[in-house]
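S.K.: If you read the sequences in order, they're chains U, F, D and C. Numbering-wise (numbering that gives the first Met the number 0), the first sequence opens with residue 0 and increments by one. Numbering-wise (numbering that gives the first Met the number 0), the second sequence opens with residue 0 and increments by one. Numbering-wise (numbering that gives the first Met the number 0), the third sequence opens with residue 0 and increments by one. Numbering-wise (numbering that gives the first Met the number 0), the fourth sequence opens with residue 0 and increments by one.
Errors might be hidden in some of the hints.
Taking lysine-lysine and the DSS-like style, the derived pairs with C-alpha atoms no more than 30 Å apart in a straight line are [as the list claims (entries may be wrong)]:
(1) F:Lys216 with C:Lys285
(2) C:Lys258 with C:Lys285
(3) F:Lys154 with F:Lys99
(4) F:Lys258 with F:Lys216
(5) D:Lys154 with U:Lys258
(6) U:Lys258 with C:Lys216
(7) F:Lys99 with F:Lys258
(8) U:Lys258 with U:Lys285
(9) D:Lys154 with D:Lys99
(10) U:Lys99 with U:Lys258
(11) F:Lys258 with F:Lys285
(12) C:Lys258 with D:Lys258
(13) U:Lys285 with D:Lys216
(14) C:Lys154 with F:Lys285
(15) U:Lys99 with C:Lys258
(16) D:Lys216 with U:Lys258
(17) D:Lys258 with D:Lys99
(18) F:Lys258 with C:Lys285
(19) F:Lys216 with C:Lys258
(20) C:Lys154 with C:Lys99
(21) F:Lys258 with C:Lys216
(22) U:Lys258 with F:Lys154
(23) C:Lys154 with U:Lys258
Which bits of chain U does chain C cover? Going by a derived footprint, with three or more residues having C-beta under 8 Å, they are [what the hints assert, rightly or not]:
(24) 108 to 116
(25) 122 to 128
(26) 253 to 261
Calculated directly from the structure, the hints in this document are not laboratory data. The structure displayed is predicted, hence computed values, not measured ones. Every residue, glycine too, gets a C-beta built ideally from N, C-alpha and C.
There are 4 protein chains.
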Amino acid sequence: MPNERRYVIRLGCPDRTGIVARISGFLADAGGWIVEAAYHTDPETNWFFTRQVVRADSLPFEVDELRERFGRVARELSPAADWSVTDMGVRRRVVILVSKEGHCLYDLLGRVHSGELDVDVRAVVGNHADLASITRAHGIPFHHVAFPAADPEGKAAAFAQLRQLVDASTPDAIVLARFMQVLPAELCADWTGRAINIHHSFLPSFVGARPYHQAHKRGVKLIGATSHYVTAELDQGPIIEQDVIRVGHADSVADMVRKGRDIEKVVLARGLRAHLEGRILVHGNKTVVL
Amino acid sequence: MPNERRYVIRLGCPDRTGIVARISGFLADAGGWIVEAAYHTDPETNWFFTRQVVRADSLPFEVDELRERFGRVARELSPAADWSVTDMGVRRRVVILVSKEGHCLYDLLGRVHSGELDVDVRAVVGNHADLASITRAHGIPFHHVAFPAADPEGKAAAFAQLRQLVDASTPDAIVLARFMQVLPAELCADWTGRAINIHHSFLPSFVGARPYHQAHKRGVKLIGATSHYVTAELDQGPIIEQDVIRVGHADSVADMVRKGRDIEKVVLARGLRAHLEGRILVHGNKTVVL
Amino acid sequence: MPNERRYVIRLGCPDRTGIVARISGFLADAGGWIVEAAYHTDPETNWFFTRQVVRADSLPFEVDELRERFGRVARELSPAADWSVTDMGVRRRVVILVSKEGHCLYDLLGRVHSGELDVDVRAVVGNHADLASITRAHGIPFHHVAFPAADPEGKAAAFAQLRQLVDASTPDAIVLARFMQVLPAELCADWTGRAINIHHSFLPSFVGARPYHQAHKRGVKLIGATSHYVTAELDQGPIIEQDVIRVGHADSVADMVRKGRDIEKVVLARGLRAHLEGRILVHGNKTVVL
Amino acid sequence: MPNERRYVIRLGCPDRTGIVARISGFLADAGGWIVEAAYHTDPETNWFFTRQVVRADSLPFEVDELRERFGRVARELSPAADWSVTDMGVRRRVVILVSKEGHCLYDLLGRVHSGELDVDVRAVVGNHADLASITRAHGIPFHHVAFPAADPEGKAAAFAQLRQLVDASTPDAIVLARFMQVLPAELCADWTGRAINIHHSFLPSFVGARPYHQAHKRGVKLIGATSHYVTAELDQGPIIEQDVIRVGHADSVADMVRKGRDIEKVVLARGLRAHLEGRILVHGNKTVVL
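Just chain U, same shape as in the assembly (with noise of 0.2 Å):
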């Protein structure tokens, strides 16, 4: 049963009377045996959004059938609806670029194995190659990408070939964990809503570079991380999860590196998982996860 396969419908539009009606009429018309269901209207921009899961063999007809049956559902609800119909027996295929901290990795690669996050994990990339080592022990290929620091052309041939091979794999989620290049804004623009960072502060505090040390500095009393989808404004991107870990006076720059990187890994985890869920629906730049 756990194994069983779902569909997952999701839909985003301008609210009005009688849409669940509309969706759920439309799915018990064709027999559809709903496993979850989740419903957000936005008040302030009179926004509706609805997560459902389906069970596949509740329905007579496939996939690809359903999506052009509720794409006219949701069309005639709004023609500025945005929905997708996803077919969760498909594996989610991942691309994970990582620098030289490998806590995010590792944490990544245990779920992988243990079957918790069952992904296909196509791709390392690294611009450093600390990590080669361990990726490769899970039959992942690594690719070492150098970014020249000081080499403008040198590192826009790395951006490319960096995007030719996240690319080549056509990722349903690219996982920054703990990448320390910024992105060109081409970049973020092509990779819109797949693309994942975790960023070791609690935003928007402690925007940019050293977090730690920016947060050592002030003296605050706690520590956050946050997973949001990446966007071409450094660090402003729809925050998808956060959370925060208790820091004192007694601990260092370097204590709050450690002890943020046990909150920098789950937020990153869960923020993964629930985007692969499906259960993210971005809106301006806020997210709704249902």
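Assemble chains F, D and C onto chain U, guided by the hints.
M.R.: Frame of chain U; chains F, D and C shown alone:
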């Protein structure tokens, strides 16, 4: 708009295909504007739960008519359906039971005073008189009922008086805000689903008397509080809400008592709020909080 | 025993070998029974901090004599030493400043009433009169000082009156319990190290006005509260204590305001308690909480 | 500087006036530079605890001489004194016991790989072979010891083999990283104060087998994890560290298992770190973490 009148519809029944469609279709046909909708299916018991919030002014009939019509839908879905329709425009009535410790009462009165908790506190009953003054300063009647420890007859008479004082208010919630008397089974039965207790431990740890002493003795690193519905079995009722706070070796029992108060009061207030908003559906000995 | 009289000795000075030996030797020679002792050295500034709690009845002299003798030790350790000796047997004096929101005041009064916070609340000053009644119900004087928004002279006069009311109590702590007026630089300076504010955000996020609106707009997944010493630069003073609570896409600004109150009040109360127990040593713009 | 060599001095003894002066005087006389110092007195048992960290290069003698000299001080303070002097420049030796679940092992190996946990993992022993590959990818020997369930003799032989494998490494810590076998009383005794277990519940709730199933059945709103020293009585040893995570009615047992892993691994890692840094002083069945 925050004061617009709303109806809360709740339903629990055996799960099957088409329930959501039936309910949302019913509401859509009547023009009902759904403000909030939440669903849950328990795969173990195959039981379906929903809570829907509808704007009163979107329906062309009054609450009694809604109750009658929805009752027909519910019975049609299942003869075993457990359902209710509540008019949130009618202020909830609350009776609070206390002993000497005032932190929960202060907290609740503060919420009532600010309007955050928009209820009618009909009475506070104390087995000590310590909290009479703060109660009366809010214009709320305070009744002192002594429970003589070593006098079974006197105690039975006290419980009879308590019952009379409480029942006279026909309360929607009976809040045991650190009331230190164990209710007789008969009262538990009569007040089923309406009596909410705060227990000063993270249940099921440290049932019964002096939980902070038990926690201190065991050397735990977190202490907790639990709000739950009162049942005849002490501290075994359906759990509504829980929270914890960190303690350490330097905390004496008195420190734990002090730190624990800060979670007791919020765990009780959150539980009471969820109860009054009709968010809690009890099933077996567990709660579904929608 | 919980009421045994205690002295709190605090010292901050440049670190060097032998400080602990010098202080503990001084106390041991006098027969001093140390109940609590905490130390911290900041490796960046090479500054040493200690707080020691001594039983008064273990010393053969009174607090003035202890102050004189310990002062000699402190000056000997460093002419730059910053130190104090406080007799905890003398009740601390507190003045509370409020506006309309009562949750922090209710919380503090509840703690005072129960004896948890064993202080002498000399006065509550409000720029609105909403909280006069609950204050006076506790036998505490309430003063209403109006701060006319568009009248600079009237406002200056109000601050002069506020200062007079506060200073007349020679308070050990001036608590800005959601007081909505920005103190003039002069008052900040005069009340340095005694004025504690609760800011309703997780600083340094959302400085200034309407932090919950800012948080809602940014779409954060946690909201916070910060208690800090007041300085001339708005919301930039040394942070004493912080905490957060989880929010989600379904939380409106009003929900955030409501949920936030529950952490504001505990973060303020914890900060005030630490201050009154002499646990906070300020160094630069940071606190060491011993 | 982070790699400067340090000695950790620990002492527990009956409390009396002058202990701190005696110890700090002894260190000051030798020129000892105290980097960290923590004290605690348990008022119930009147027991004094301290942990001091001294820079090795500040002392004019080696660790053996320090041990001999401090031993004299300790015995002089009390014949009942329990003390140790540890050279932190000597890498700690660790043996890890596992079954099939790999999240704790992955987590520990990640910390070792990054240098965060600077220990010598001498061996991993598993009663299943699932984690052999990831262990060996780190250059660490993996030993598979099968524990036949229904064969008491075979099981006894397996424990004898386990003991031999572990003892051969003379480990400073034996980490039961979700090892699913209950250690015989004899092993518990021999490994007293060195064997650390992670139990997947918030003890004392849900002792023994399948704690997440127990938690799900009781309907708790938070689940927890506990790291503790192993003693002969199952799940009753001195608690080192605990943490919790929120769950709700929608979480199945499988969801709890998954969410719980994220706290199990950090609670174990924090406990192990505190143990290796000599921060934990056991007294009766409780820990003092300095």
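S.K.: Go through the numbered hints given earlier and state which of them the structure violates, listing their numbers in rising order.
M.R.: 5, 6, 14, 22, 23 and 25
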